[in-house]
Amino acid sequence: MNDIKIDKYLDIRGEVCPYTLVKSKLAVENIEVGQILEIILDYPEAASSIPKAMLNYGHSVLKVEKVNPKEWIIHVRKEVED
Amino acid sequence: MEFTEEQLKRYSRHIILPEVGGKGQQKISNAKVLIVGAGGLGCPVGYYLAAAGVGTLALVDNDAVELSNLQRQIAHSVKTLGVNKADSAKQTFEALNPDVNVVAIKERINSKNILDLIKDYDVIVDGTDNFPTRYLINDACVMLRKPLVSGAILRFEGQITTILPGEGPCYRCLFEEPPPAGLVPSCQEAGVLGVLPGVIGALQATEVLKLILGKGKPLKGELLIYDALGVNFRKVRIPKNNDCSMCGKDPKIKELSDIPEQYCSI
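Which chain is which? The protein sequence lines are A and B, in order.
FYI, in our numbering the residues of the first sequence are 1 to 82.
FYI, in our numbering the residues of the second sequence are 1001 to 1266.
Bear in mind the hints are in silico, worked out from the structure with no lab data behind them.
Be careful, since some hints might not be right.
[Said to hold, decoys possible] EDC-like mimics (lysine to aspartate or glutamate), calculated; alpha carbons at most 20 Å apart, straight line: (1) K1210(B) with E1176(B); (2) K1009(B) with D1099(B); (3) K66(A) with E45(A); (4) K1217(B) with D82(A); (5) K1009(B) with E1094(B); (6) K63(A) with E32(A); (7) K1215(B) with E81(A); (8) K1146(B) with E1167(B); (9) K1023(B) with E79(A); (10) K70(A) with E32(A); (11) K1215(B) with E29(A); (12) K8(A) with E1002(B); (13) K1027(B) with E81(A); (14) K52(A) with E71(A); (15) K1023(B) with D82(A); (16) K1027(B) with D82(A); (17) K1106(B) with D1116(B); (18) K1023(B) with E29(A); (19) K1023(B) with E71(A); (20) K1210(B) with E32(A); (21) K1215(B) with E1167(B); (22) K1215(B) with E71(A); (23) K52(A) with D1099(B); (24) K1023(B) with D42(A); (25) K1027(B) with E29(A); (26) K1252(B) with E1176(B); (27) K8(A) with D82(A); (28) K1009(B) with E29(A); (29) K1009(B) with E15(A); (30) K1235(B) with E1222(B); (31) K1220(B) with E1189(B); (32) K1009(B) with E81(A); (33) K1009(B) with E32(A); (34) K1210(B) with D82(A).
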């Protein structure tokens, strides 16, 4: 099931809000519509706030997965130009 | 442009706005804005545009800071009494945001220098306190097709409009000629509530940022009037005058004219 193609990776472990979102937003701005960004993070609040914000920006959230007790992976597909 | 970690922090509340984002913040960083007058209006306009990270901010003022200015001209202080206002505001804005290139132009704007002063800027802000200069700035902006965000204040009332030459009316579409000297009192004669230029200046800065970002609806073809005592904002439509002596089909005004001295006593 993990044959999804990731176009860009963003490691924001160690970052806290709102910089988790600031860096995620900038990363999405720098990919093309249809491309997928993988974000890895360890700030618990961001695991729920980033998907919410991305949906508000008009993008799709394909996956939010807690990969270990302290880290999450989020897949965002860019749907609209910024 | 790659943002530094400091810039990411400084502009984080902009970057997360869908209408701004990193791209919009870059537009702000690349923008060049010229403010005529570093007084009641110029101070708050410049303050917010410096905070927003406008790349180049020019201030044109030939006056020195006086104690009577400090009731409303928030970029100046007792430490800069006697200092040229453009220089005084430059110190304040540079302390707020070292990203901004603040240019202090210590000249009185006139028909000879205005075109040269404004030609390299993207947006012009009128923060002057007299009609002849207001008309001179209008005429020069129409000639060079520069967007102009114009503001005015007196007592408890302020007004603002955005002039987009070629797209909407200009100041002369509203009133063809300045009123005769002495008809409209100056702030010096009539007074002004100190916070009023803050309200109008913040509205002007908002218009400038919208123009830079290309977002929202500019306040063109309308005059927004704020009445502080009655707490009313009202908009008056300004129709474009096809026979306007400045921006009409067959403009009579071909060159800029100078400001009568009696207006320049403030």
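Here is what the structure says about each hint:
For a cut-off of 20 Å, the pair hint linking K1210(B) to E1176(B) is broken: about 28 Å separates their Cα positions. The hinted pair formed by K1009(B) and D1099(B) meets the criterion: a straight-line CA distance of about 13 Å does not exceed 20 Å. Distance restraint check for K66(A) and E45(A): the Cα-Cα separation of roughly 12 Å lies within the 20 Å cut-off, and the hinted pair is therefore satisfied. For the proposed pair K1217(B) and D82(A), the alpha carbon gap of about 18 Å is at most 20 Å, so the pair holds.
For the suggested pair K1009(B) and E1094(B), the alpha carbons sit about 18 Å apart, so the restraint of at most 20 Å is met. For the given pair, K63(A) sits about 19 Å from E32(A) by alpha-carbon distance, which is consistent with the 20 Å threshold. Restraint check for K1215(B) and E81(A): satisfied, since their Cα atoms lie roughly 14 Å apart, inside the 20 Å limit. The hinted pair formed by K1146(B) and E1167(B) meets the criterion: a straight-line CA distance of about 11 Å does not exceed 20 Å.
For the proposed pair K1023(B) and E79(A), the alpha carbon gap of about 17 Å is at most 20 Å, so the pair holds. Of the pairs offered as hints, the one joining K70(A) and E32(A) is violated, with about 30 Å between alpha carbons and a cut-off of 20 Å exceeded. Under the criterion of a C-alpha separation no larger than 20 Å, the hint pairing K1215(B) with E29(A) is consistent with the structure, at around 17 Å. At most 20 Å may separate the alpha-carbon atoms for a hinted pair to count; K8(A) and E1002(B) meet this at roughly 17 Å.
Between the alpha carbons of K1027(B) and E81(A) the distance comes to roughly 16 Å, so the proposed pair stays at or under 20 Å and holds. About 18 Å separates the Cα atoms of K52(A) and E71(A), which keeps this hinted pair within 20 Å; it holds. With a CA separation close to 8 Å, the supplied pair K1023(B) and D82(A) stays within the 20 Å bound. Between K1027(B) and D82(A) the CA atoms are separated by roughly 13 Å; this keeps the pair inside 20 Å, and the hint holds.
Among the hinted pairs, K1106(B) with D1116(B) is consistent with the structure: their alpha-carbon atoms are about 14 Å apart, no more than 20 Å. With a C-alpha separation of about 8 Å, the suggested pair K1023(B) and E29(A) falls inside the 20 Å cut-off, and the hint holds. Note on K1023(B) and E71(A): the hinted pairing is violated, with a Cα-Cα distance of about 29 Å set against a maximum of 20 Å. With a CA separation close to 25 Å, the supplied pair K1210(B) and E32(A) exceeds the 20 Å bound.
At most 20 Å may separate the alpha-carbon atoms for a hinted pair to count; K1215(B) and E1167(B) meet this at roughly 16 Å. With a CA separation close to 37 Å, the supplied pair K1215(B) and E71(A) exceeds the 20 Å bound. For the hint pairing K52(A) with D1099(B), the CA-to-CA distance comes to about 32 Å; that exceeds 20 Å, so the pair is violated. For the given pair, K1023(B) sits about 27 Å from D42(A) by alpha-carbon distance, which is inconsistent with the 20 Å threshold.
The hinted pair formed by K1027(B) and E29(A) meets the criterion: a straight-line CA distance of about 14 Å does not exceed 20 Å. A threshold of 20 Å between alpha carbons decides the hint, and for K1252(B) with E1176(B) the separation of about 11 Å falls inside it, so the pair holds. Pair hint K8(A) plus D82(A) holds up; C-alpha atoms about 17 Å apart against a cutoff of 20 Å. Only pairs whose Cα atoms come within 20 Å are accepted, and K1009(B) paired with E29(A) is accepted, the gap being roughly 18 Å.
Between K1009(B) and E15(A) the CA atoms are separated by roughly 12 Å; this keeps the pair inside 20 Å, and the hint holds. For the proposed pair K1235(B) and E1222(B), the alpha carbon gap of about 6 Å is at most 20 Å, so the pair holds. With a C-alpha separation of about 30 Å, the suggested pairing of K1220(B) with E1189(B) is violated against the 20 Å cut-off. About 24 Å separates the Cα atoms of K1009(B) and E81(A), which puts this hinted pair outside 20 Å; it is violated.
Taken as a hint, the K1009(B) and E32(A) pair is broken in the structure, with Cα atoms around 25 Å apart against an allowance of 20 Å. For the suggested pair K1210(B) and D82(A), the alpha carbons sit about 16 Å apart, so the restraint of at most 20 Å is met.
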